[in-house]
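> Using the hints provided, position chain B relative to the given structure of chain A.
There are 2 protein chains.
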Amino acid sequence: MERFEVNILGCGAAFPNQRHMTSGQLVCVHNERFMVDCGEGIQAQIWKFGFKTANLNHIFISHAHVDHFYGLLPFVSSLDLIQNRKSPLHIWLPEDLKEPLEYDFTTYCKLSFPLLMHGIDTCKAAVLYDGRNMTVESIPLNHRTPCCGFLFREKKKPRVLLPQKCLALGIPQTEFGRIKAGADWRKPDGTVIPNSELTTECTFQPRSYAYCSDTSYNPAMIPQIQGTTLLYHEATYLQSEIDQAEKYGHSTAAQAAATARAAAVKQLLIGHFSSRYDDDSLFLKEAQAIFPNTIASNEGMTVEVV
Amino acid sequence: MERFEVNILGCGAAFPNQRHMTSGQLVCVHNERFMVDCGEGIQAQIWKFGFKTANLNHIFISHAHVDHFYGLLPFVSSLDLIQNRKSPLHIWLPEDLKEPLEYDFTTYCKLSFPLLMHGIDTCKAAVLYDGRNMTVESIPLNHRTPCCGFLFREKKKPRVLLPQKCLALGIPQTEFGRIKAGADWRKPDGTVIPNSELTTECTFQPRSYAYCSDTSYNPAMIPQIQGTTLLYHEATYLQSEIDQAEKYGHSTAAQAAATARAAAVKQLLIGHFSSRYDDDSLFLKEAQAIFPNTIASNEGMTVEVV
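Chains as they are written, first to last, in my numbering: chain A, 1 to 306; chain B, 1 to 306.
Hints are computed from structural coordinates only; laboratory data are not their basis.
No experiment lies behind these values; they were computed from the predicted model shown.
Mixed in with the good hints, there may be bad ones.
[As the list claims (entries may be wrong)] Not everything, but these chain B residues come out facing chain A in the computed CB check (under 10 angstroms):
(1) 17
(2) 66
(3) 78
[Unchecked claim] Listed next, the in silico DMTMM-like pairs over lysine to aspartate or glutamate satisfying Cα-Cα at most 25 angstroms (straight line):
(4) B:48 to A:299
(5) B:165 to B:175
(6) A:110 to B:121
(7) B:266 to B:201
[Claimed, not checked] Okay, the calculated bits of chain A under chain B, using three or more residues with CB under 8 angstroms as the criterion:
(8) 68-78
(9) 96-110
Beta carbons are placed, not taken as given, at the ideal position from N, Cα and C, and that holds for glycine.
The following block holds chain A by itself, in its conformation from the complex:
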């Protein structure tokens, strides 16, 4: 199966501590890489763990809090210094962050490749990137500031040709390309054999990855992430501190798990852990009680989307 995986660069909340760095991930879909959030020090995590940045042309930033974007400028600056990059780099970010970051890049960097910033309306779900094999959609989240998640979806594969059936019908092999692409077959007597009889549905099930951080408990997003293969959901607090979660626009591990259950996702990955707790297994235990197929993020880990 083609590659679809998530590299965890940082999964702590607010500021780096002895256990975790701030938010950042690399999402690898087939031959493309995407960065999602880029807190301070995230580039050092990439070099430390030996993750790759080839074919990284799009970076997605969820919101304008320092722990989610302040590593972006030095990382992009290093792409210039280290890789002598020439190809354009697209940065997708909430509208309110676009102008300040454009100012910073203009003031502090002289890049030798084009940087294209795309403002996101975080209030609505929209396809941001439509690639050959996959799409990236924004997911409206509910935080203290405009914020959205990102949904990476593989595209359906085309129907599969039934070669024996085609040959039995006397269809020349030179026509197979057109039929694979969806064409019907017109016999010499004018009869039309519909494509659905010449091909069969591909058994491949498109996979998907939803990144949802930062957000308070947000049932409004459940229809959009329904059936997602892997859901990353923030779990800043435990249920015992639900008042703090509500106050600061965050979720508890139990709320992340309840969302995963309601959306019937295949697997839940929790992160964005508050440094007030010194044991991540507490988050895992709380979430697994509600949604057993939950794993906890940690720096350097790679999670396959399967």
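The following block gives chain B in isolation, referenced to the frame of chain A:
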């Protein structure tokens, strides 16, 4: 002897790599702490190595290159979040960096303590901070952009009272405070005993620390740093790449050592190592051939100024 030490947080050039983080130090002088430069990820280094930030009221930034200041905003933001700081924080930085950083702090942070930015004219040596026990001066450096180093100097201690001599002269103990502060003694018959006969010079030799990064070979600064106890001097390149050093406004390890020798400093600490070399001992070997009492910076180390 009272504390005077340097904590190395990062000593690599340009961008973090598997060996080094970008520039940052804590300088501890008696009961005060100062930060010098603050590259990306420097706060994480403080927490990682367990260094302290108590009594840190002044931060000095040498120049406007990303690897020397881009960790400042998230670090200051964390002082607010973690320590609930209320006392003012002073940031000393080249004039050209003042307006952009004020914009960034206004845009990205809401601090609950006063932040006072002081622009430095990097072309002249000047006392920036005059404390009870020490001063901090700017050192004009020669880089591609306005840049200065910082010289931390302990103040001379006052002369020491000779109590037996004072008592023999019939001076009441209630007068000792005035004499310690420099007063002469007038005997009842009107004769004046000068202070120099009632006190003796303190044997304490004030110590000093000069931070010089980034700079090309810069003999103009030698008079200012003459006799410095500890000199941190950048050594981005080896002598074999002196053309690169000159092109980018940096020094070689040999040039750092030549400066230390010309300034007759007690000890040389080199750093700001380029990632093009994979062995720091090369820098050390080159410098020690010229100035034997040289040590190489490394993250987490503490160097005493003695």
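> It remains to establish, for every hint, whether it holds in the given structure.
A quick look at each hint next to the structure:
1. 17: 6 angstroms, holds
2. 66: 5 angstroms, holds
3. 78: 4 angstroms, holds
4. B:48 to A:299: 15 angstroms, holds
5. B:165 to B:175: Holds - the C-alpha atoms of residue 175 (chain B) and residue 165 (chain B) are around 13 angstroms apart, at most 25 angstroms.
6. A:110 to B:121: 24 angstroms, holds
7. B:266 to B:201: Measuring from Cα to Cα gives roughly 23 angstroms; hence the hint holds.
8. 68-78: Result for this restraint: holds, n = 6.
9. 96-110: That given contact holds, which follows from 6 residues of the region 96-110 of chain A lying within Cβ reach (below 8 angstroms) of chain B.
Checked against the numbered hints above, the structure violates none of them.
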